[in-house]
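Q: Residues per chain are reported as follows:
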Amino acid sequence: MAQYSLEISYLIASIAFIIGLKFLGHPETARKGNIIAAIGMFIAVITTIFLYKSPEGKPLGNYVWIFGGIIIGTVVGTLMAKKVQMTAMPQMVSLFNGVGAACVALISVVEFSHYNTTHTGASLFNGLTLTIILGSIIGCISFSGSIIAWGKLEGKIKDIYLPANQLINIVLMLSIIGTGVYLMMQPTANLNLLLIISAISLIYGILFVFPIGGADMPVVISLLNSFTGVAAACGGFLYNNQAMLTGGILVGSSGTILTILMCKAMNRSLTNVIIGAFSNPKTKKADAGAEQRTVKEISVTDCAVLMSYSKKVIIVPGYGLAVAQAQHICHELEKTLEEKGVEVLYAIHPVAGRMPGHMNVLLAEADVPYPKLLEMDEINPEFSTTDVALVIGANDVVNPAAKNDKDSPIYGMPILDVENAKNIIINKRSMNAGYAGIDNELFYDAKTKMLFGDAKGVLQKLVTEVKAN
Amino acid sequence: METIVSFIGENIKVFYILILSIFLGIEVISKVPSILHTPLMSGANAIHGVVIVGAVIVMGLADSNDYLSLVLGFIAVILGTLNVVGGFVVTDRMLEMFKKKPKS
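Here the protein sequences line up with chains A and B, keeping their order. The first sequence begins at 1 in our numbering and counts up one residue at a time. The second sequence begins at 1 in our numbering and counts up one residue at a time.
Rather than coming from a laboratory, the hints here were simulated on the basis of the structure. Here a beta-carbon is modelled for each residue, glycine too, at the ideal position from N, C-alpha and C. Keep in mind that a hint or two might mislead.
List time: in silico PhoX-like cross-link candidates among lysine-lysine, alpha-carbon distance up to 25 Å [said to hold, decoys possible]:
#, chain 1, residue 1, chain 2, residue 2
1, B, K31, A, K22
2, B, K13, A, K264
3, A, K403, A, K335
4, A, K403, A, K449
5, A, K372, B, K31
6, A, K372, A, K422
7, B, K13, A, K53
8, A, K406, A, K264
9, A, K403, A, K422
10, A, K156, A, K264
11, A, K53, A, K32
12, A, K83, A, K156
13, A, K32, B, K31
14, A, K422, A, K311
15, A, K264, A, K312
Label-pair restraints from in silico Cβ distances [as the list claims (entries may be wrong)]:
#, chain 1, residue 1, chain 2, residue 2, range
16, A, L11, B, F23, 16 to 22 Å
17, A, P369, B, N11, 49 to 55 Å
18, B, I26, A, G457, 24 to 30 Å
19, B, E27, A, T294, 50 to 56 Å
20, B, F23, A, E28, 22 to 28 Å
21, A, F125, B, I19, 21 to 27 Å
22, A, F125, B, E27, 33 to 39 Å
23, B, E27, A, A199, 35 to 41 Å
24, A, V295, B, I19, 52 to 58 Å
Please work from the sequences and hints to get the whole structure.
A: The following block contains the structure:
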């Protein structure tokens, strides 16, 4: 009876995961979907604690440890998730992904350390060993990779290009596979070998993410997310646990599709994102050697006049807006302009900010109405009839090099056609290059004027000036 | 060869689940608007936190004198819970901003 109750609860949890994911794909049902999935998870965990019995019929013990761990995890997790700023969400997701992956790796190590006492088979050449090894390899790669991705988005780790990085990675991967096969050929479980495999996997994860930078980080996080899903499924196989199996595989396959969708939004292939990262430094250096060119500046007052007497203004938000927490004041500028009869729209590039949908979340927080947020395909034809395109802290997503310069690392990424607008005003803090680290031709365009300063401060002044006009 | 065939044969149900879940995952996600990519990734991230179940089993079956399992299992439970709870709460916070504000 108890055994069946557990199986049925896993069935319910699996269905909850599926429905949850499905609902998460539509704006109206998304929040409900998240809650359904969370309830499924709760059921699976609670029933496991009280109903699970090992194959030998032993119930779970160590309740103090289990509940202690769960309480610590819940308190810390809730605090972290509640405290994090909206701008730092992407790295938070990466961090949570990393700890989940570490969890799988630890489980694999512990299970393997028991292997000799629970299994007395002649060889390790079997599916169980394979799943344990795979779980620890994928778990370790996903863990160290996610931590590096987190550090990069936090700005703590810079892009690092090792000489022959790609070659090193191939050698590492081959040694992981080689040691794995060697381990499976052993007569008894050798924990040290598994630890060596884990260590190499950790290094591989670090070197895998190190050179990837710029707008590609969301794709990497999504990819690592699906890795962890696969690792979780390995755990499900290990314990013959349906909830872990379906949950893990669902995330693995949907995460892969999501990764591909993100790549498509940038008009790049996944291989291009991963392999392309290794050729970046050359183009960077070539750009740095270019002659000094001058940009035109505009004062806040002039900018306010220009915008007040425009018919149509398109605001292009980017990461700079997010960092400055300027979404609310941006919405106020939009309302002030509208009161003056100016049509204001937002142009949302799919990867503006640090993650797809990042800008939508931020502007939704500031109560900007949905119909004003236009995606790239809808807004691009609008630029030619626009008087002022106001670019706030965006750079790579408006860089014409993506269209014109075959050598540019972002070549081929669809961009917002800001250059078609009659006037272009670019708010930036300084002339530093964007996240991808490349120069932007648009800044030197005859129609472009720069409005230097922190997005929040500048917009604040703009609102005051526009009101005065 | 025989090992592989018998392995698949013995676990045929698992392979059915595997294949069907892969297709299901692909079906469920296709045609999602790009505004939902981030919350969706975050939600999926929370769901793979189901590894917490494995961590609980490791912890619960560990002998009281098996310190390696106790310590690693304990850390695994904490990390797994972090993944689940943090993941769902962060996703909820993101989605909270999408809810329609009452028109006043």
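Q: Against each hint, give a clear statement of whether it holds in the structure.
A: Outcome of the hint check:
1. B:K31 x A:K22: 11 Å, holds
2. B:K13 x A:K264: 35 Å, violated
3. A:K403 x A:K335: 33 Å, violated
4. A:K403 x A:K449: OK: A:K403 and A:K449 at ~21 Å, within 25 Å.
5. A:K372 x B:K31: 22 Å, holds
6. A:K372 x A:K422: This hinted pair holds, its Cα atoms lying about 20 Å apart.
7. B:K13 x A:K53: 21 Å, holds
8. A:K406 x A:K264: 18 Å, holds
9. A:K403 x A:K422: 20 Å, holds
10. A:K156 x A:K264: 29 Å, violated
11. A:K53 x A:K32: 33 Å, violated
12. A:K83 x A:K156: Holds. A:K83 to A:K156 sits at ~19 Å (cutoff 25 Å).
13. A:K32 x B:K31: 19 Å, holds
14. A:K422 x A:K311: OK: A:K422 and A:K311 at ~11 Å, within 25 Å.
15. A:K264 x A:K312: Since the Cα atoms of A:K264 and A:K312 sit roughly 30 Å apart, the hinted pair is violated (cutoff 25 Å).
16. A:L11 x B:F23: 16 to 22 Å: 19 Å, holds
17. A:P369 x B:N11: 49 to 55 Å: 52 Å, holds
18. B:I26 x A:G457: 24 to 30 Å: 46 Å, violated
19. B:E27 x A:T294: 50 to 56 Å: At roughly 54 Å between Cβ atoms, A:T294 and B:E27 fall inside 50 to 56 Å, so the hint holds.
20. B:F23 x A:E28: 22 to 28 Å: 25 Å, holds
21. A:F125 x B:I19: 21 to 27 Å: 24 Å, holds
22. A:F125 x B:E27: 33 to 39 Å: Holds, since A:F125 and B:E27 (Cβ atoms, about 35 Å apart) stay within the stated range.
23. B:E27 x A:A199: 35 to 41 Å: 38 Å, holds
24. A:V295 x B:I19: 52 to 58 Å: 57 Å, holds
The structure fails hints 2, 3, 10, 11, 15 and 18 (numbered hints given earlier, in ascending order).
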